[in-house]
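Student: Sequence:
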Amino acid sequence: LPYCPHTSPYLAGPLRVSFPGDLTMEMIARRNPYVRPGGKYKPPDCESLSHTAVIVPHRNREQHLKQLLYYLRPFLQRQQLHYGIYVIHQAGNATFNRAKLLNVGFKEAMREADWRCVYYHDVDLIPENDRNLYVCDASPKHASIAMDKFGYKLPYRGYFGGVSALTPDQYMKINGFPNNYWGWGGEDDDIATRIQLNGMLIVRPSVQVGRYKMIKHKHDKGNEENPKRFNMLAKTRRTWQHDGMNALEYTLVKREHRPMYSNITVTIGS
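The end of the sequence shown is residue 270 by the UniProt record's numbering, with every number in the run present.
Treat the hints as calculated values from the structure; they're not laboratory data.
Check before you lean on any hint, since a few could be wrong.
To be verified - In silico lysine-lysine, BS3-like type, Cα no more than 30 Å apart, as pairs:
(1) Lys107 <-> Lys228
(2) Lys153 <-> Lys254
(3) Lys173 <-> Lys235
For clarity, every value in this text was computed on a predicted model and none was experimentally measured.
My request is simple: use the sequences and hints to build the entire structure.
Tutor: Shown next, in the form of structure tokens:
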């Protein structure tokens with residue numbers, strides 16, 4: 001097959017995002033006939049220039065997951081990407097740990113394929129412009145620069161939350177993400193600090209392109225604010241080299257190749 005063009009001819013630019021309430025996985029599967037089990041996709045008529053894994057940390061958010069898949073699948077297909085979607089499900093009722101689940105996702109995705117780019121994607125953020133290309137850059141990328149919840153602007157300069165992307169090399173250079181941020185908040189600032197400490201910059205799309213709509217929801221039970229986060233952030237410079245990919249411990253409960261995504265259930269301690 002020939003290589004796909006550098007700019008896909010199928011891009012539409014700004015998208016209208018409303019949240020249909022009656023989605024089922026069957027409906028989403030019918031709309032995406034070329035997706036292979038485990039949520040893998042390759043363009044049918046050309047060889048993609050980018051191989052991207054999308055990692056989604058998850059627990060008890062089935063409705064949000066349906067919305068995300070409903071919008072993200074056609075979005076990525078119009079970009080002519082070769083991609084896979086990995087949903088990393090935290091088993092049990094212990095406090096949620098987003099960054100540790102993202103580490104698990106990286107490890108499990110790379111075990112399955114030689115992905116060249118990895119996106120770390122909150123389940124409740126829907127991209128609103130398909131020119132926001134899900135490909136990696138020479139520097140770590142923060143894609144969700146403009147979220148509706150922050151009035152479509154960056155809440156503060158070093159913000160790295162929501163949707164971000166690193167190549168495997170960039171990820172390994174910062175020793176992955178921290179494993180010790182239990183509960184809400186702090187881990188994205190820790191990651192931004194790791195990037196900075198390793199002499200890398202953060203790149204972002206324009207405010208017009210990196211737009212995201214957040215699915216409104218109440219604060220999750222089991223994901224309460226982490227009161228220790230500010231103390232932990234003050235120590236990142238000392239901790240990043242031994243708290244990360246090199247210290248990751250978890251137990252794989254099950255791996256399922258569902259029609260629209262790979263579901264990886266793990267216990268990660270507490």
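Student: Confirm or reject each hint.
Tutor: Checked hints:
| no. | hint | in the structure |
| --- | --- | --- |
| 1 | Lys107 <-> Lys228 | 27 Å, holds |
| 2 | Lys153 <-> Lys254 | 39 Å, violated |
| 3 | Lys173 <-> Lys235 | 18 Å, holds |
Hint check: a violation occurs at hint 2 only; the rest are consistent with the structure.
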